[in-house]
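Chemist: Use these hints to put chain Y onto chain S, whose structure you have.
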Amino acid sequence: MVYYIASLSLILIGLYGVLVKKNLIKIVLSLSLINAGIHILLIAIGYIDGRTAPIFSTPELRPEQMVDPVPQALVLTAIVIGLAITALALTIVIRLYDHHKTLDVSKIRELKW
Amino acid sequence: MMFDPVLMIALPLLAAFLIPVINRFSKAIPKYIPVVVIGFNLYESIMLLPYSMVKPVIVIIAGWQPPLGINLTIGPLGNILALMISLVGFVVAIYNIKFVTEEPTEKYYMLFLLIITGATGVVLTGDLFNMFVFLEITSISAYALTAFIRDRNGAEAAFKYLLIGGIASTMILLGIAIIYTYTGTLNLADIAQKMQYVDPKIALAAMVLLIVGFGVEAELFPLNGWAPDAYSQAPTPVGAVFGGIVVKAGVYGLARMIYTIFNFEGVFYFLMIMGLITLLMAEMSAMRQSQIKRMLAFSSIGQMGLVFIAFGLATQRGVEGALFQMLNHALLKPLLFLSAGYLVYYSGSKNIEDLDGMGRRKPFLAFFFAFGAFAIMGLPPLNGFWSKMIIISETIRNGFVIVAAFVLAGSVIEAVYYLRVVGRLYFKKHDDNQQEKYVHGSAIFAMSILVILAIVIGLYPDLVMQYLKPAAEELVNKSLYIQSVFAIN
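Those protein sequence lines, which keep their order, are chains S and Y. 1 is the number of the first residue of the first sequence in the numbering used here; add one for each residue after it. 1 is the number of the first residue of the second sequence in the numbering used here; add one for each residue after it.
Looking at chain S on its own, in the form it has when it is part of the complex:
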């Protein structure tokens, strides 16, 4: 249960940061926080207390003693995707800073509808 609360609060903190913060770096950080929260949520879904990884090295290990490995595989993929997004976001932030000499998102608004 504590994992669910932790992950949901991470997601909410991240959403708050993306919506409210003005600093570009903080926005990117908040985006990673949302990602981290969802990763913890996914892991928590697959986790069952007192069970072990489904590795068939010991023959006496029975299926009901194992946790679900699929969420962990999903999280591994999702971490890589999150990393790619964060890295790309930071390069774009660097370029924005080069052009505008500021990290304040409210001062960067040349494109409008």
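Since the hints were derived computationally from the structure, they do not count as laboratory data. Check before you lean on any hint, since a few could be wrong.
Under the rule of at most 35 Å between Cα atoms (straight-line distance), these lysine-lysine pairs were calculated in the DSBU-like manner [said to hold, decoys possible]:
hint	chain 1	residue 1	chain 2	residue 2
1	Y	350	Y	293
2	S	22	Y	293
3	Y	201	S	21
Modeler: Quick look at chain Y alone, frame taken from chain S:
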């Protein structure tokens, strides 16, 4: 001769990462690689068509049977969309050969191939998480391509797109987490089968998250704020790729979610209303744009609104109309973007006012643009007419007369702003002497392919409709899809 359909995803991926290596040996080769690889995709998706029309082609990967392993499920719908994606990709790849001069060109080709990989993967896969991964491949390459021209506005547009796209991807992941918790599977057909046992409240939460996630790429109102900036700041061929490929992948994801996975009746009304708002908002914004690429971007959003209205009808004929409209949009929007790219290149300005008199000096280009504009407005002998007519008549037949009236009003606005540009091209004098530049033969060839296809489809719409019928059936009748995946065991 037919190859393994997995190659349609694997080959562009391999080629994309080989391009930087090849570029070390020869600077001339990388620009031809996309043409060859996407040409193979085009060939393969045409060869698959007779098989997938009869029953979906299931490709089992690494010997894992459908509910457990990741598999490709190539039904009529996926195959037609893969064909659309590779057709647009092929045309843009030919156009790119001479047009892309901004360094580093090899990175441009690499990202372009990654978009093709991702979009093809989204439409072919039969696994929800796999779909998410491919959508991320598509969108991350799209963010990078938006910032490809290193000016201030390019970075700003890319950051906007990345932020909204990044949040959308987390929404999809959250939706997948909820679905996996309650169904214990990620296979699309298996989820669709088990969804009826899930508490409707939880299913609704998952559906909202997934609609928001896919809606961003599909340009659904109000998630489309990124589109005008990204379309206008990215290099012009990339605008064509966004309109013809990225958006199609998003719309496919959205349609797959609401038709196959979930069964809520109310969501169709929601989609229709949102589509109507998307259409009207976009057409009215397009009206007051002074830059041609921004105008085309808003027009692209408007066309997607029309597609959503047709999907919202949830009838066989309505879905056929939606798919037909998507096909026409995939042919015409790249044509408009590619010709506008050269028009902007010659006049040296993105503004519509500076295009005066181009019809005299560049008759070919102006013809391509005018043709695209007429077809997308829905002038009778051309292809845009048929899809619009199917959608509007089907809307009226289902009793949504007011919706049909608004769609017609939107079409009138559309005609006004396209004719304004076409009128400027032909009927305004402009005697400012600019240096003569010539249109590249490869670009003319690329655009001619689109024009010829548009004329053929306009004259013989039944040629396409016979393929769209089973595709629409796959969406409307979801037990067909579920059965075909499990029939393999």
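Chemist: Compare the structure with each hint and give your call.
Modeler: To see whether the hints hold, each was checked on the structure:
Proximity of residue 350/Y to residue 293/Y is assessed by CA-CA distance (about 7 Å); at most 35 Å being required, the pair is judged to hold. With a C-alpha separation of about 29 Å, the suggested pairing of residue 22/S with residue 293/Y holds against the 35 Å cut-off. A threshold of 35 Å between alpha carbons decides the hint, and for residue 201/Y with residue 21/S the separation of about 32 Å falls inside it, so the pair holds.
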